[in-house]
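Based on the hints, put chains V and Z in the right spot on chain Y.
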Amino acid sequence: MKYRNIVLTGLLIAIALVFNIIEGFLPFPLPGVKLGAANVFALVALVIMGAKEAFAVTLLRVVLAWLITGNWFAFLCSMSGGLLGTLVMVILYTRMRSDFTLPWISVAGAWAFNAGQVAVAAYLVSDARVLYYMMPLFIVGTFAGWGVGLLAQMLCVRIGKITGPGRDG
Amino acid sequence: MTMKRGDRIMSAIFAAMIIAAISLWAVKTYVLPETELHAEIFKDGKMIRVIGLKNRARPEEFTIKSDSGFNTIRVEENKIAVISADCPDADCVHRGWLEHAGESAVCLPHRLVIRVTGDSAVDGVTF
Amino acid sequence: MHKHIYNRAGIMALLVHSIIRYNTGALFSNKLFIKREIYLKHFSKKISLPKLAFIVTAVILSASVLLTLKSSVLMHGMLKEERESFRLGTIVRLTVYGRDKERLERAVNASMTEITRFEDLLSVNIASSDISKINSASGVNAVPVTRETGEVLLSAVKWADTSKGLFDPTIGPVVKLWAIGTSAAHVPGNAAIKDARDRVDYRHIKITGSSSGGYNVLIGKGQSVDLGGIAKGWIADRIAGVIRKHGVKSAIIDLGGNIVVIGKSPRGKPWRLGLQYPFKPRGEYFAVIEAEDISVVTSGPYERFFESGGIRYHHIFDPATGYPAKSDLSSVSVIGKSSADADALCTTLFVMGFKRSAEYLREHRDIKAVMIVTAGGKSRVVITPGLDGSFSLKDGQLPLEVLK
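Residue numbers (our numbering), protein chains in the order written: chain Y, 1 to 169; chain V, 1001 to 1127; chain Z, 2001 to 2404.
Hints listed in this document are in silico derivations from the structure and should not be mistaken for laboratory results. Nothing here was measured: the structure is a model prediction, and the numbers come from that model.
Pairs of lysine-lysine, BS3-like flavour, derived with a Cα cap of 27 Å:
1. Z/Lys2101 with Z/Lys2070
2. Z/Lys2080 with V/Lys1079
3. Z/Lys2394 with Z/Lys2070
4. V/Lys1043 with Z/Lys2280
5. Z/Lys2394 with V/Lys1079
6. V/Lys1054 with Z/Lys2280
7. Z/Lys2326 with Z/Lys2164
8. V/Lys1043 with Z/Lys2080
9. Z/Lys2280 with V/Lys1079
10. Z/Lys2194 with Z/Lys2164
11. Z/Lys2326 with Z/Lys2158
12. Z/Lys2206 with Z/Lys2176
13. Z/Lys2404 with Z/Lys2326
14. Z/Lys2326 with Z/Lys2194
15. Z/Lys2337 with Z/Lys2264
16. Z/Lys2378 with Z/Lys2355
17. V/Lys1004 with Z/Lys2051
18. Z/Lys2080 with V/Lys1046
19. Z/Lys2249 with V/Lys1046
20. Z/Lys2355 with Z/Lys2394
21. Z/Lys2337 with Z/Lys2394
22. Z/Lys2080 with Z/Lys2101
23. Z/Lys2133 with Z/Lys2194
24. Z/Lys2269 with Z/Lys2080
25. Z/Lys2158 with Z/Lys2176
26. Z/Lys2249 with Z/Lys2080
27. V/Lys1043 with Z/Lys2101
28. Z/Lys2080 with V/Lys1054
29. Z/Lys2164 with Z/Lys2176
30. V/Lys1054 with Z/Lys2394
31. Z/Lys2337 with Z/Lys2164
32. Z/Lys2394 with Z/Lys2264
33. Z/Lys2326 with Z/Lys2355
34. Z/Lys2176 with Z/Lys2133
35. V/Lys1046 with Z/Lys2101
36. Z/Lys2355 with Z/Lys2337
37. Z/Lys2394 with Z/Lys2269
38. Z/Lys2164 with Z/Lys2206
Here chain Y stands alone, though its shape is the one from the complex:
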């Protein structure tokens, strides 16, 4: 791995972690279920460096968040959601880039992230009522994902310019 990638990945993980923790303060009926705006940094990593780095950002972000907050319920939800979301974004970006713009790839990632989270939450709590929260979560998550995806698009261009050649954004 190039030094540039390692540094950049670390930077992205750090920012994603901050985002994650700030998200945690948002009032939400379900504890541990997050909006998923932090996923955008995995997307940025994906665009600038590649799938490996994207997964690295997600996995390390989730693990570090767990170490810092000690919330294992959130950890399990974020892990399943994060992996699913990153996977979806990787697939869409690498194979179907011509049909999706970055904001919408972020939205797809957000949907997968939320789906993974809710599924694990419902299983852990053993209460199907968790699914009632799916609707507002998905809708708000869509807006969040889209806005954050637009942010990612701008970021990728800027970072690409600063750090030199990599994949295109």
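Frame of chain Y; chains V and Z shown alone:
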């Protein structure tokens, strides 16, 4: 911004989500009957009054007369009770405040029954 | 920008094809051209892909919305007919659900009429009832009774036999002596108690005749029949029959706490019945049973009692001693198809106490029961294994044990 093919599909799915969420909310709020906490008063087996227990501006007191006496009932926010009566054992008064759905107070001599209904967790209680 | 036009079945085939070949590119590229024409030949309706996505999502979401609201949707338009009355010495409540108001009214009216009829036949407090006639003629002559009275008595005698005398319909003298539940309740002297209990013996009940020809009943001299331990259950079974005959599919019959449910609740889910918390205000429950087309009957020392000299005397007597049964159970509930059987059985189990009840329940594994056992100041709930699933404990403080 210009949307690509995949984007359009996703926005179509999103539009469907929004419509589903709105219709779900609309149905829940307007179409389905609301069950709120209220008390039903039966005299001689017939329902003579229904009193809402929620959103009470101020407490209310009233008396129900029977041929053999009277029962005075007081209603406050989320609760109702018989506060005085002239029946021999005054079981109805001793019953105290009725606060949850399914609870009831009975005055046998005066054939008076007060029952709190609303969204109850059970349909009946064996005794 | 191309606007691809697909037909629905074509899309399905393409998806399957893409998955099999692990090549999603075919979905979005022009390589499709040849295949598209083949599909277009067979199907006429054409919709764009975004529209298709919209329709599919909308269908899936509306289906799930309807499913989650299914119980409330079923409830819409359901009518409820409820009747409450003072009968059988307690409060009787019938609640029937359906969509035909007249049919519901007829069912309820017919039921209330039948309850009155049975009360007139079986009550010890009504001088003209069959039971009172039998008691007046004790030791003298056999009394002709209606078919129903004969059936209840036969059922009671069968249970007396099964319980080896712990449940005894000739408990009348003891009940009358103590007068619990009335203002005359008192602790009788030992001699009076011995005299009363000596007169208790179901084997002296002689029932002759048949259901077609009519029954005649003779009891021993000085004996007295009291059907308190089985009457409510038996009547509840008959009322359930009346209601079903009127075509009602959803109802709750509550005879002073003796409950029979018909069908499911109007929301399409099983009825939820609470089990009374002993010695707490009526309506407070410690557990919930999910029930469908079944009866739940509970017995306990909290139902009727009086206190004298710091001791509580309740209304469930032990025929062997003539005293209220000394039992470590504070509540017994039996769940079963026959309310009469459940009624008699929960009285029997209560008198038996926990140890013997547990043995009995192990021998008769088809019986479903819930008991609260109090030992050394601590209470716990014991249930038969058949109840797992439909039983949920509401009070977290009570330990729960499943009978092995």
